[in-house]
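Novice: Okay, here's what each chain looks like letter by letter:
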Amino acid sequence: MNVIVHLVRHDIRALRLPLTAWLALLLAQAAVMAFGPGLIDPEAPFAAIQSNAGFLSGARLAFTILLTVLIVQRDSPVGTTAFWLTRPIQPAAMAASKLISTVLLLAAMPAVVGWLLFTALGLPQGDVLDGVWQFVIEQIMVVGLSAMGAAITATIPQFAVVAVAALLLISMLIGQARPFIQDLPALPVAGMATPLARWAVVTVLGTVAVLAYQYSRRRVVSAAAAVTGVLVLGVLSALTAGAPFDAGAPAPLRAGVLDPGAVTLDVEPTAVRAEWGTTNDRRGRQTRYRYASAVLRTFGAPPAIVLQPWSIASTWHPGDDLAIRWQRLRAAAYLRSVQRNTDDDGQPLASIAQALGNVKLLRPVRAEASAFDTTLLSLPEEQVSRLSSAQGPLDATVTLRAWRYRVVDAVPLAVESAVSARLGRLTLTAIARTRDGVIVDVRRVFLQRLMWTSADLFGSGGVGSAERLAIRNTSRKQAILLGGESSRQLDYSLAGGISSTQLGTGTKRLRFVVPVDGGHQVELDDEWLAGAEFIVLRPEDLGVFTKPLRVEWVNLENVK
Amino acid sequence: MAHPIETAGLSLRYGRTEAVRNLTMEVPEGSVYALVGPNGAGKTTTIKSLMSLLRPSSGRASVLGIDSRHAGPASLQRIGYVSENQEVPLWMTASDLLAYCAPFYPSWDSAFASTLAKQLALPLDKPLKACSRGTRMKAALVASLAYHPELLVLDEPFAGLDALVREEFTQGILEVAGGDRPWTVFISSHDIDEVERLADWIGVINEGRLELAEPVSSLLARFRRIEVATDSDASVPSPLPASWLLAESSGRAVRFVENRFVESECGVRVRSVVPGARDILVTPMSLREIFVVLARVFRLADPQGGAR
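These protein sequence lines are chains B and R, in that order. Going by the numbering used here, 259 is the number at position 259 of the first sequence; the sequence numbering is gapless. Going by the numbering used here, 1104 is the number at position 104 of the second sequence; the sequence numbering is gapless.
These aren't lab readings, by the way, just hints derived from the structure by calculation. Hints are supplied without guarantee of correctness; some may be wrong.
[Stated by the list, open to error] Pairs of lysine to any residue, SDA-like flavour, derived with a Cα cap of 20 Å:
#, chain 1, residue 1, chain 2, residue 2
1, B, K477, B, E533
2, R, K1126, B, R16
3, R, K1129, B, K360
4, R, K1129, B, R74
5, R, K1126, B, R13
6, B, K360, B, N473
7, R, K1129, B, I12
8, R, K1129, B, R16
9, R, K1129, B, T155
10, R, K1118, R, Q1171
Using the sequences and the hints given, assemble the complete structure.
Specialist: Following this line, the structure appears as structure tokens:
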């Protein structure tokens, strides 16, 4: 152990100048993260600070790779001229020292800086730990892949050639071979759900094995073959991972929230739409589909509760042909804006209004998504064309998922008020009343979760879209939902695209449009704003139950 | 342990090229053994096999009684190694280098290292990247002597060094060799003059083969340059005795190199082979001259050798 410590100290001393530059880079990036949002002009179309933040992230990535290569190649296991080879140093000790040096300097140190930074910026500790852990995984991935490349090369140009070859291999595997790989059974990487985490586990194990082997045996060709194997296994482990969102079976309906027996489900035959679309399968083959969809009407649920068609199993009886069975296991319906009043079930908005204390929601325009559009049936065009008739009744079993909006945070609508939202920690920096509405500028520090959860399928507009922001005046019993926003963010990690989370800071300009009530614009006076609160709402999952559905006629013959 | 270094049938190939061929060699304990040969003869490859830097294709080598393929840190604690090809950590000062190496050796003698550094006029506080090649070699030498190794392996240590540094370097080795601890020095070089000052054993390697190996004193004793003056125009005798090398005639003289010189028998033998021999001039040869003769003989014996 003393020898390993001695070697690690030697590495640190040897690289003290680039390490100092690396630390300066980390601190510069931390400074940009901390103070950059304050430099962003929300009116300007382009924020130079974003370029600087991107540059610093890129520089840190490049520095991580370069320092890893320098640390390993300083005592290279390639060739016969390295100084350490003729000194009484156990190869295992040398390999261990390289692993410790790289992880300590290039993963642990930036993680500590990141932890201190985002803790100081007020991000909740749980989010900080999640984000830093993800960040450590990214760094370890970069360090691991670079260390393996450095262990089979003697110089930086040689490493560059190997790195390009590795990138081409990974690109080829992910791009060209992906459709075939995804059909393979998942590699058993226990307990690692996200693709990146699975890849990281394979990379870490592979790096340890390759470095131990190469430092003890010094056989470049065999080690290069092992590195290739680790790359392929890593990509396989990532691509054969399950869907990158919470796909667990929903829980049964929570007791006491509503009586399923009182709920009825209905659809007007005239409301059923038949359309066509195309899909590409994993191998890029295009298939044309015909499908029928409708806004289902639910009755009998309390207004505070939203019922979302979650899964559907249909049996269609077209003409004299045999019954056709079809099912969709999740997200059978998506929330959409509707054009017709008959379709507008108003479910989410009613729940939001209830959650806000039974206030009146002042709606600026009919742009709010206010009904669930449910796919009843979807068949390949080829199958439909073989039918003697493409019309007939449909019976279905619909699983309804119950949600209820609740207020997760509420603060006075005032500068320096702060809330915790899915968007991160939002601190209000400016509130301005304009002719058209209220503009609220916020500074945010965030852990952006890029991984879908079932709550996101409720919103269907993207990760985190189910969460709603509102301003409310309780004494007036009025509230306004967020109408639009513009966002500028500074990402902490350049590799965030392959992660399930991303730490960062930034700004948002939130627009609460002056509402229209009964055809007249509602005037938001100073008193309204002075008594207002800034609210975060989030849907709470209450569980599922099933209901039968009969649709008298579904016609797939004349599609739009 | 019979000998600090022993090889038996050692061979090493680089692809189709056989760099070392069936090399069998013994380095006596306490000797300063010089392995000499022209560039590309296989000296460095042999040493790298001994140091476990390269794996033999066949045969075996043992160093300090341990098979070189299994040599590990325990062996390296007993061996000093300095090579012209070795990378020295240039960012360090000589002092840093010694501090870096010290923990690896239980027998590290800091006082001795200081003495050696002083003797070799080694600047301790100057970064090695700013030092000359000679200074770097001296630093490597001190770092290889400070733990009193039983065996010192030097691979072309004099290459590119100026005269003063060579003198200091050689002096350093000789003084340690002359100390009270028994040790063995194995040195490869094509610099015969330096080897002559240091070595008491010599091995000559050519095209990967060990052509001869014997004490320097024996080699110097048996090689003589002989010039025979004759009464009339002379020609190179035929058949030529096996021990006469590079024989040539010019006018009334025959010249050759005798490699089995025995003073008491020389005159009789020459007169029996060269008719009309009148005067016989016998000149002792330096190691350099012997080496040049041998190199020419090897080349004549195998004119395509260099291309192999």
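Novice: What's the verdict on R/K1118 and R/Q1171, does the C-alpha distance respect the 20 Å limit or exceed it?
Specialist: holds (12 Å)
Novice: Hey, R/K1129 versus B/K360, does the alpha-carbon distance stay inside 20 Å?
Specialist: Outside the cut-off at roughly 78 Å; violated.
Novice: Could you grab the alpha-carbon distance between R/K1126 and B/R16 and see if it respects the 20 Å cut-off?
Specialist: Between R/K1126 and B/R16 the Cα gap is close to 17 Å, so the pair holds against 20 Å.
Novice: Quick one, are R/K1129 and B/R74 close enough, alpha carbons at most 20 Å?
Specialist: With a Cα-Cα distance of about 15 Å, the restraint between R/K1129 and B/R74 holds, given a limit of 20 Å.
Novice: For the pair supplied as a hint, B/K477 and B/E533, confirm whether the alpha-carbon distance does not exceed 20 Å.
Specialist: Distance of about 12 Å is within 20 Å: holds.
Novice: For the pair we were handed, R/K1129 and B/T155, check the Cα-Cα distance against 20 Å.
Specialist: Judged against 20 Å, a Cα distance of about 18 Å means the pair holds.
Novice: Next pair to validate is R/K1129 with B/I12; report whether the Cα-Cα distance is within 20 Å.
Specialist: holds (18 Å)
Novice: Would the pair R/K1129 and B/R16 pass a check requiring their Cα atoms to be no farther apart than 20 Å?
Specialist: holds (16 Å)
Novice: Please verify whether B/K360 and B/N473 have alpha carbons no more than 20 Å apart.
Specialist: holds (10 Å)
Novice: Can the restraint linking R/K1126 and B/R13 be considered satisfied, given a maximum Cα separation of 20 Å?
Specialist: holds (16 Å)
In summary, the structure is inconsistent with hint 3 from the numbered list given earlier, while agreeing with all the others.
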